[in-house]
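The lines below spell out each chain.
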Amino acid sequence: MIQAILVFNNHGKPRLVRFYQHFPEEIQQQIVRETFHLVLKRDDNICNFLEGGSLIGGSDYKLIYRHYATLYFVFCVDSSESELGILDLIQVFVETLDKCFENVCELDLIFHMDKGGLSAAPARAVSAVKNINLPEIPRNINIGDLNIKVPNLSQFV
Amino acid sequence: MALKMVKGSIDRMFDKNLQDLVRGIRNHKEDEAKYISQCIDEIKQELKQDNIAVKANAVCKLTYLQMLGYDISWAAFNIIEVMSASKFTFKRIGYLAASQSFHEGTDVIMLTTNQIRKDLSSPSQYDTGVALTGLSCFVTPDLARDLANDIMTLMSHTKPYIRKKAVLIMYKVFLKYPESLRPAFPRLKEKLEDPDPGVQSAAVNVICELARRNPKNYLSLAPLFFKLMTSSTNNWVLIKIIKLFGALTPLEPRLGKKLIEPLTNLIHSTSAMSLLYECVNTVIAVLISLSSGMPNHSASIQLCVQKLRILIEDSDQNLKYLGLLAMSKILKTHPKSVQSHKDLILQCLDDKDESIRLRALDLLYGMVSKKNLMEIVKKLMTHVDKAEGTTYRDELLTKIIDICSQSNYQHITNFEWYISILVELTRLEGTRHGHLIAAQMLDVAIRVKAIRKFAVSQMSTLLDNAHLVASSTQRNGICEVLYAATWICGEFSEHLQEPQHTLEAMLRPKVTTLPGHIQAVYVQNVVKLYASILQQKEQAAETEAAQAVTQLMIDRLPQFVQSADLEVQERASCILQLVKHVQKLQAKAVPVAEEVSALFAGELNPVAPKAQKKVPVPEGLDLDAWINEPLSDSESEDEKPKAMFHEEEQRQAKHRLPEVDEEELARRREARKQEQANNPFYIKSSPSPQKRYQDSPGVEHIPVVQIDLSVPLKVPGLPLSDQYVRLEEERRHRQRLEKDKRRKKRRDKEKKGKRRHGSLPTESDEDIAPAQQVDIVTEEMPENALPSDEDDKDPNDPYRALDIDLDKPLADSEKLPVQKHRNAENSKSPEKEDVPVVEKKSKKPKKKEKKHKEKEREKEKKKEKERKGEDLDFWLSTTPPPAPRAPHPGSLQDTLSVNTHTDTAPKDEVVEPRREAQDEEDEDQDQEKKPSKHKKKHKKEKEERPKDKKRSRKKLLGSEEAPGEPVQNGALEEGPLPPMSSYSLLAENSYIKMTYGIQGSLQDSQVTVSIILENLSGSVLKSMELSVLDSLNTRMARPEGSSVHDGVPVPFQLPPGVSNEAQFVFTVQSIVMAQKLKGTLSFIAKDDEGATHEKLDFKLHFSCSSYLTTTPCYSDAFAKLLESGDLSMSSIRVDGISMSFQNLLTKICFHHHFSVVERVDSCASMYSRSIQGHHICLLVKKGENSVSVDGKCSDATLLSNVLEEMKATLATC
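Protein chains in written order, with numbering that gives the first Met the number 0: chain A, 0 to 156; chain B, 0 to 1212.
Okay, chain B solo, but in the shape it has when bound:
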């Protein structure tokens, strides 16, 4: 034995180690391959020895060779041997080699399972660590399934080093074995709050990575992440979380609103550029998700743009690059904010770094408007001239074309200018994008009818100078433009000035050097041209001239007949015969022109590229039905046993696919039916609503500017676009003058003038009318085109399998497979450990739940889902706990509202996520608590977004309350509640509509009246002022120093169609009675003709309910209150109520600001508190068709008034 060891070490001395190998390779530079193959032979010898040290050394060398690109898969078994060495240094080499070379196709990998399990449970943390590290690289579905449980156990290891690695590797396990995700998820979530920052951030990373792929399943984690975001100081973690939020916000716009503030704070406070950049990015994502009508986020956009500008101006190229990258994201939704930095971006076009120049080009795309298009393109043209290197120049060229042609030539006001730009671009040498230019020429000439004449004249000069274009090299891509030029001249030959001249140009011998496909077009269009000349001549009775043309054709066409290109040859000989026939007829003086031009009669219309795809499937045709029944029986029998041997994952994938398809099909069928239903005649649907060019009013009267022929052209026939720029400027000037004149005449008509997209009218863009009557022909679509084609998800996406609902409780069948030999610590099933001890708030005894279990189970699924939604909804509607870095700005009232919530919010955040793991027994208790939370929600919502637009508010109220409330307590049979709004109409006239809501605050007996002002007119409303006649009891709070009769100005203006909310504070002395206050809103309506003073009277109704504030109350406190006996009592009864009890309670909560204290069957106790501290307790009972409400309150009048109001509300139920 000892001898053997000695022998081993002697052997090693003579063996090459890695250093020798490297040195050897360096010394054999000229015959490296030979040397290496020699080494590999040696290694093979070494691997045959018994000594593990020798083997490890050999494997180590192999690892190096693998890096150099040599296949070492033949040594896989030896690698496993080294992996199983007991000495750590060898083991490490083994795992390293395995991680470099093993993959799913390695067959010996299944031999490793037990070795790895042994290493994972090794007492040495380094053994475990190296096994985890290695496993992460070569984990297969089998390994993942077998080892998932072991790894999950390691997630609770005592050493953070192991925990961290275990958490990270779980991600790979999930990918390979998606079934493990749900059982492991609770523990993963726990790790988010691990004491070790490394483990914590590992968990953040894993969850972020998972959530990125299937964000919707992780929305419920948002509160937790939010907490981490506001508490963590680790920038790496922050970046990840912020990026994750960026992925989540598109799914939940309310989340975005919540995020804006903390993110803005971070932007202001952080010194780390990377964090700043990610914050800006996420704010942008938020703004994009909110973009529908959120005027008051302009501050955030400004902040982002401003910060990005700093990045772009930085001397660090990396920051510059990223700045531009982020800028292009803003551009999509807020082009205006980016446009103001045009100077900077144009400057970046001159940057020496090509990546930056390309980014800047991307930005230009979105920055053009009608006003600046010419200027920008001019600048780009100078860059084209200067650019060295064809790639960048080609990029410029495509960008110019992209910019000009975007959204159906939206920004082009002068197509003559555009054609001349295109013609100028043809002078580029060596570009590969000739076909692009050609396509543009064709497109413009076909679709813009007004430009055809000009286009044809340009194209004919281009043809005339064809030698310039095509001369340099025959393979030059630019000669493609001749294709377009010829076609345009042929197709629209009626516009040619000198058709004969052009015909001659097209028949020049030089043409035969062009590529075949272009020649073919030449031949074809020569005939078109010929036909139109013939017709002209015959009409003018110039028979001789007509015969001369025919002769010219016969003389020249043979050159094409000899072409090597079959297409050209065939067409030419065909046409030659035709022309010869014409000549014969002409000789007999038979008029032929009519017939020849009949060959080309009719007009071509463009067809949309997607038209074919959108041809709808006719009714009754089922494309998925079998034409012949498949030989099902025998085949499926064969299939089944096969499937047994497949991997689990595959089975699942198979199972999923048809499901999706069916859904998809059903949806399409539905869409089709609906479309046909909407069209009772079902004859022909109008062409799809493509974006048509909309003319500003009165454009049709603008005369098309004739091209000043005296414009001197530098290159014969190649117009300089600059001339058109100048012409265009003059034209715009003239047009402006004209418009001003007209405007005076047509005052009243102007008023109704349509504003495009209802956006703010800016003088610049709207005023520029295009020079041509731009009749952009829309592309044709088939009848009944389907509205959109959806891009199906890639079924091969590995992340699809991870699209798993994580909030459902675990079923027994889902537990991870536990292997038989395992440590004692594994024995506890993971789910059990996660069950937290339930906090008991209510004293209700546990019911005998088990009986109900059967029934419950059915509902369970749905309930869980709802609960998740509710938790999130609740969280989303609370104000965020103030970020520690920034003091909460705002009025007294704001701070107050924050204070009242901070004590509840964080608690909920901790409790909520855990709740999912609880057993059913706890459900009832939970639900008891919920209604009270929900009321808070309404209130907070209002406080949180006081300035939101009314429209979005309504949507929100509708979307979240209606489905949110009634499903409480699992009452599934109840119908949804219609959307409720606490806002009621205050007053309305033709200019403005006012709606208002009243909110009590516990301070100083004040109520806040929120008035939403909506501008209904076409004018801008400004200088709005609200004056109210104070009563003895109720006064409006006015700015200091103003008298009782002064109005309070509304702090904003209203452009047409916009609404905004203003808040006014009133002080109230006695609240026991409802009151009304008269008031007037005065404002100035300003439109194009001038301004008028307008007034609108209103009556503010302060109901008693509006003095109540939603205050939660626990049942024991409630009981004490009732026992105290110093409350007066009153009751009402309302009959004929059909609404469900749940909805009823919801209504009372919502409209009268009560909270549910306790609910038993159809009986509930409710509580509210007035702003002056009166307690109101209610007992609501529901009978068959009636509801009785008994109330107790410290003030009898208040109680009776509130009950009266409640009666009115209930009567409408």
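Here chain A stands alone, though its shape is the one from the complex:
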């Protein structure tokens, strides 16, 4: 299960925050902050997994993230998820955004929060993701591109 999806920029400003488990607003902000500090420390060329620790719900959880230009996409998942699968999913998610906004950038996410940012594209991605219904999106996307764009992405059919 995916527990949370956090998107924030290089300064830790939240750009899209989605929790699938209720937390009060302060805790949510705290989680975002902590996560930001964790990922910020890491170079781009080291692995994209972080042991969740105390962050959300204990040792069963992992943070899996990708860094694109000014945005960090962080998924908090439990052990029933495939780590590499989630990495691909993030890629798919970003590409979906890209399709919806044509060259997605940070501002698109915040300016179109109602239309695209939260409701349309991610709502599709997110709802699909919610209980990890992954397959919907990969079918919509030309996965051939996916492999070319991100060379270290694991190969998916």
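Because the hints were derived from the structure by calculation, they are not lab data. Among the hints, erroneous ones may be present.
[Unchecked claim] With a straight-line cut-off of 27 Å between C-alpha atoms, the simulated DSS-like cross-links for lysine-lysine are: (1) A:Lys40 to B:Lys33; (2) B:Lys28 to A:Lys40; (3) A:Lys98 to B:Lys158; (4) B:Lys15 to B:Lys117; (5) A:Lys12 to B:Lys158; (6) B:Lys15 to A:Lys12; (7) A:Lys98 to B:Lys86; (8) A:Lys40 to B:Lys398; (9) B:Lys86 to A:Lys12; (10) B:Lys398 to B:Lys331; (11) B:Lys331 to B:Lys370; (12) B:Lys28 to A:Lys12; (13) B:Lys385 to A:Lys40; (14) B:Lys351 to B:Lys385.
Mind docking chain B on chain A? Use the hints.
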């Protein structure tokens, strides 16, 4: 009206929309909070307006603010208003806001129920979709209960888009309202085969998620998932399923065996790294669950390790990380396979990525052996020196200590080396783990008696150099080691070389800068030291020296008396008085040493950390009994009405807890009783069987190597561990030589030498004997310690409520509550829809079941359970349908067996899972079919795992046949059948035991003889060869080109204690008579002294039954066969049979390879076919105490022989 609308849109033009808000926030960076509070005020105004567009806009802005961390719960009601807007764009905003901010504590949430129900049944799929999406985030137990039925209806919606969402949201509903799981489950299962891949994978996801938490309830779905796994090409689904299997295999090892092959195929064929990785992970899980004695899976392990190596070597850090992660799982059960990649893992220690370095460190833990421990620790020590950043260095330090101390210092052969490593670690600056090092020093010094002298000498030098350790900063964690050093020097002061010198070191003024608790230990141990010096001096009659020591104490102790730390102060002043008193006595020349040292007499023993917990409850003491009866009446009266208002879920939770407790208690009581029963004297149980250090034979004769004092030490008093590494190597070398010599002398004794764990003897580990007589003192445990303490499940676990048996049929009371207003399509109750049309195979008319219903109901529960077990058992024992990607490898015979099953297996898989939903009426018919399946099971089992070890086979046979068979047909009163094995003893001598079983195959009149060879000796058996004297009728199939007199080699060797199975094929011409063949097994037994040729003669008995193969037959075909009239007939009768008819049939099926065609009361018809195509039909009747068997067969001799054999079998019943 029109005016209002115009006004609304004008208002909107002046309002801020979300973009304006965002822009505004960006423009007010310095006073953001102020700006936002201003905006919130505006929003509040907007929410007061009637215009829904304005409200939606306001809510939209609120959603954004919520993301920034502002509480918007005050607007919950407005959110609901927007949710109920008719326009989709507004509705969407409403649901978005709700999903972001609503939770179980939101009180207005109960107002949404009807709105959501309306949206769910909306004709627009998007309305429904958005409602489902939103609901998934804020569903509460109430909503779940009220809406469960609506959502379940949506699971059969025409649009896949809705079906998918409905399936997914069911998971949340189950979590909140567990009662809905059972009614909804059949439909959920249906969705696994939905035509839309999206819906299908949603269902897979939901079931996987459910099964992960309570795997045992979902074992019966394994066949279905297996089918999906072999047929699906969707990697996302595959990953989920494979992960699920990983969770299921620990519960059902047979499942694991079935999985290995398709998984291996996937590993070979897939190009997706993620899938590969998950396959490897699951194979590892399978191997772990099978790990007990499965030597022939080494290929799979090798494959996994090899693939993981590729991952680790990859330049992608993610793959590297995951590779290491999976490696550490293999490590737990198959350390040897991982150890061979030590180089790679050590290399990862140098990686620039800290996560990877930490993973590699984890792996090191399991890779050490006696042989390489020193080398690895040395490497780690260099890393410690190089490491930048204290966190990683601290991690290294703890890992070094973990590695060395694991399983009671199992890998340490030289404790001098270890002490010196610890001393070296004290030079680390700024570490937080001083107390860890200290604890290790104390532990080693206390538990390894032989090392005390050395430890004390090291500690005294450490104390001497205390200024080095404690100098840098006072708060430095490392000064903790002084705590240990002082204590060791004090406690074991008899080993001190120069006690006086140490005493002085301990009394230095510098000591007073140490933390209080360390000073306190100083004070206490100074006295211990003082006592032992005093005794020495008095014995040597050096009264003056003794008085000098006393004087020293009196001079120095006051510095502690002035300490600010109360503990130090108190101890010091106490001791100061004591010493002053001693001085007075000394002045009168009274011998005092005896009395002073009496203060510290006695030895300390370590106590196990769990000792307290394990003190057993004395007989007769019931800790759960009330001491005073609670004021029950009045209170429970109060309680009851309260409970009525509680949520359903809570009630259930309350109800469950005491149940578990009672069970638990009963179990503990039972365990305790048993323990006491086993101990008739009940005086004192021996200390719990802790893992003691076992010395290899003859260790006690190895002299303890004295430390070469000429070893130059670079830092005064701080030994370099390297020196000990070299010393240790020399010692090992010497020891090896010595051992070789000794071995020659004590040949015969060696033979019986115990092998630890019966593992394969590897030269490396076993040969290294520890330098010290490592007398690791076991920790003390209380008498009658309970064997284990179990970790109770967390009662608050939300998934516990979902631990529900899904195979029981639905009771009427369990139907989901259906609301009154609903669409016409809801009206059908879901259970009814699921009833599939029953395939009719037998022509039996339906009985008047209804009369029996009452009776049946009682049995029903149990039966259902058994049925589930049987279905699964049956599936598990069939060969998997060959995976499409890989051709089935194997001999002709293998392919044959696969062919015969593929036509039956898939059919069953489809039919089986559905059967659960059927009504009782069908049961009888089902049961008629079953026995025939069961026989196949035996056969297939054999074919499937021909190479398994005998032991596991026996266990399996015992476990699955015995309880599996007799419960057929609901005959519950029958006792279980003892485990049966078709294997019988062939021959045995002191080296080897042979058991064999014969299996006919329908091809070329061949039979396969499976011989299990078990090595009983301590030597390795190799070059085994089986030669058989062929008869005219029966010949052994030999490799091409070999003559009739050549033996057939057995394709394996047998290490001591291991058994394996070999198969030999024989061709038979006539099968109507039983025959015997003489043969010889020749082999070479090789042990340490040399090799001997040995022989074992045997007689292979081919019974007529062994020429029969289990073949299913339908009753109509059977009837035709009997009518055809070209069969000869014969019959037998056996008296004095007490066994139940069911068990009897089972026995005949098992031993003589028959299948039950039909059974009526105590009469059954059975069928079998010989490998040459003879039909044998039997009619078995059971009387009071006897059984009569009438047989018809196309060959009279065969029939009479088979019946004779059967008579022999039945006579033993």
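Consistency of the hints with the structure:
no.: 1; hint: A:Lys40 to B:Lys33; verdict: violated (31 Å)
no.: 2; hint: B:Lys28 to A:Lys40; verdict: holds (25 Å)
no.: 3; hint: A:Lys98 to B:Lys158; verdict: holds (24 Å)
no.: 4; hint: B:Lys15 to B:Lys117; verdict: violated (31 Å)
no.: 5; hint: A:Lys12 to B:Lys158; verdict: violated (39 Å)
no.: 6; hint: B:Lys15 to A:Lys12; verdict: holds (22 Å)
no.: 7; hint: A:Lys98 to B:Lys86; verdict: holds (26 Å)
no.: 8; hint: A:Lys40 to B:Lys398; verdict: holds (24 Å)
no.: 9; hint: B:Lys86 to A:Lys12; verdict: violated (32 Å)
no.: 10; hint: B:Lys398 to B:Lys331; verdict: holds (17 Å)
no.: 11; hint: B:Lys331 to B:Lys370; verdict: holds (19 Å)
no.: 12; hint: B:Lys28 to A:Lys12; verdict: holds (12 Å)
no.: 13; hint: B:Lys385 to A:Lys40; verdict: holds (21 Å)
no.: 14; hint: B:Lys351 to B:Lys385; verdict: holds (13 Å)
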